[in-house]
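Peer 1: So the sequences go chain by chain: X and S. The first sequence maps to residues 1 to 237 in the numbering used here. The second sequence maps to residues 1 to 244 in the numbering used here.
Check before you lean on any hint, since a few could be wrong.
To be verified - Facing chain S, from chain X, some residues (calculated, C-beta under 10 Å):
no.	residue
1	F56
2	S131
3	R135
4	S136
5	V147
6	A152
7	R153
8	L154
Stated by the list, open to error - Some chain S residues near chain X, calculated using beta-carbon distances under 7 Å:
no.	residue
9	A81
10	R82
11	M85
12	V91
13	L93
14	V176
Hints are computed from structural coordinates only; laboratory data are not their basis. Glycine residues also receive a C-beta, built at the ideal position from the N, C-alpha and C atoms.
What follows is each chain in one-letter form.
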Amino acid sequence: MHGFAVEFNTAFTLILNGDPELWAIVLLSLKVSVFAVLISALIGMPVGAALAVARFPGRRVLIILMNALMGFPPVVVGLLVYLMLSRSGPLGVLELLYTPTAMIIAQVVLVTPIVAALTRQVVEMLAEEYSEQLRSLGVSRLASVPVLLWDARLALVTALLAGFGRAIAEVGAVIIVGGNINHVTRVMTTTIALETSKGNLALALALGAILIGIAIAVNAMVSTLSLRAEREGLRHA
Amino acid sequence: MRDLVSEMARRITVNGLQIARNGTALLDVPHLTLSGPGPTLILGPNGAGKSLLLRCLHGLIAPDKGYVEQDGVPLNADHKARQAMVFQQPVLLRRSVAANLDFVLKRQGLQRVARKTRIADLLAQGGLDGKARQAARSLSGGEAQRLAILRALALDPDTLFLDEPTSALDPGATQVIERMILRASEGGVRIVMVTHDIGQARRLASDVVMMQGGHVVEHGDARQVLDDPKSDASRKYLAGGLVT
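Chain X with its partners taken away, still in its complex shape:
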């Protein structure tokens, strides 16, 4: 018990003293996940919005597939990205394996279906409500996409935060494609796994506390946005 107390004490000292190794890991984690979410937003939002407003054969199958991808096991995603990026894989020539870029790619694969599926859901609900009014104003189906995306902005930011939550807390995929190389691809989750197995609990606890802090901050932002949306009458339901 006394040993744990010492570990906790050391962990908080690491945080408060601004330990360079600890904060380098935190910064890399944030960089990788923020980039991944931004790329996912660029892909997922238009795809989700298009699926919400377009009508074509096979649309229902695509929606089911997209929803299924939301629950795709991260280790499997890691394995697939590994196969793509490995020396003998189709993208091996790019030599991206065991780089932060590889981790971003893996997180994009994990987060994009979440962003796309939530966007589709939100935009479809809004499109149903706006449909007659927009047609009456002469807005075509295609031209309605930016209108709907803008009007769903608060719900979409919530979707992005949900994606960020998934990305920052992910360990299985990034450890496979990143390799957990010190000062190169070591992020919070992979470091926690490694340091715990080595018995270096202080660093693991410090990173765990920061990760929990980030999770609480993200959830607080989601709640604040939802409250604001409700207050301003911008809620969708």
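Following the hints, put chain S in place on chain X, whose structure we already have.
Peer 2: Frame of chain X, contents of chain S only:
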């Protein structure tokens, strides 16, 4: 000049209009011409087909059979661009009051300064000045419907369709909306409006289209239809009887 041109362009004719779902006729209007100065009020009980007819007139719903003409030409994109519609539940964009108006003005190609002036004019016209920056969806029911009408008028339409715009409003809010509608009508906008409120028809209508069970049972001068109806269905409805 506008009056003469738009008078021609505002003649709406319905020919052999039919809509059926699952073998049940929802709308069956062999012929109807709306040529008077308006406002035209479409009156009838729930399920009479009033809103369906209005949507067909505005081109929002394509009929199974028949067609709508304006000025002797089948309804086309040019006609629709000169029409606007206000719905029973105002559908406001999740933006500020001013941004709702700006949205349609921008689509019309107005420059920033011109849009700003026009928005200020419209808001004053609807008694919403001072609320420009407020979230549109936080407006009261009456204010929201006023904004929806202002947004429709911002399109500078020849014809304005209104689908029971006051059905959820109290008498005070209804009076304000009715004043706006009359002002638009006096300004040369042809009004075609659905209501089930006989009093409202008396206050606003120049001509009345009486509907029941998907059919037009009577159409004529408002005073004649409301005071001396020719059909049994009209008589029953106006007497407050149960009409199905």
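Peer 1: Work down the list of hints and note, for each, if the structure agrees.
Peer 2: Here is what the structure says about each hint:
With 10 Å as the threshold, the beta carbon of F56(X) stays out of range of chain S, its nearest partner Cβ sitting at about 20 Å, so the hint is violated. Hint status for S131(X) relative to chain S: holds, with the closest Cβ pair at about 9 Å, below 10 Å. Taken as an interface hint, R135(X) checks out: its beta carbon lies about 6 Å from the nearest beta carbon of chain S, inside 10 Å. Interface hint at S136(X): satisfied, since its Cβ lies 4 Å from the closest Cβ of chain S, which is below the 10 Å cut-off.
This hint holds: V147(X) has a C-beta 7 Å from the nearest C-beta of chain S, less than the 10 Å allowed. Interface hint status for A152(X): upheld, as the beta-carbon distance to the closest one in chain S is roughly 8 Å, under 10 Å. A least Cβ separation of about 8 Å between R153(X) and chain S falls short of the 10 Å threshold, and the interface hint therefore holds. Hint status for L154(X): holds, given a least beta-carbon distance of 8 Å to chain S, under 10 Å.
A cut of 7 Å between beta carbons decides the hint on A81(S): the least distance to chain X is about 6 Å, and the hint holds. Taking 7 Å as the C-beta contact cut-off toward chain X, the hint placing R82(S) at the interface is violated, the least distance being around 10 Å. The interface hint given for M85(S) holds, since its Cβ lies 4 Å from the closest Cβ of chain X, which is under the 7 Å cut-off. The interface hint given for V91(S) is met, as the beta carbon of that residue sits about 4 Å from the closest beta carbon of chain X, less than 7 Å.
A least Cβ separation of about 6 Å between L93(S) and chain X falls short of the 7 Å threshold, and the interface hint therefore holds. Among the interface hints, the one on V176(S) is violated; its C-beta lies about 21 Å from the nearest C-beta in chain X, farther than the 7 Å criterion.
Going down the numbered hints, you'll see the structure goes against 1, 10 and 14, while the others check out.
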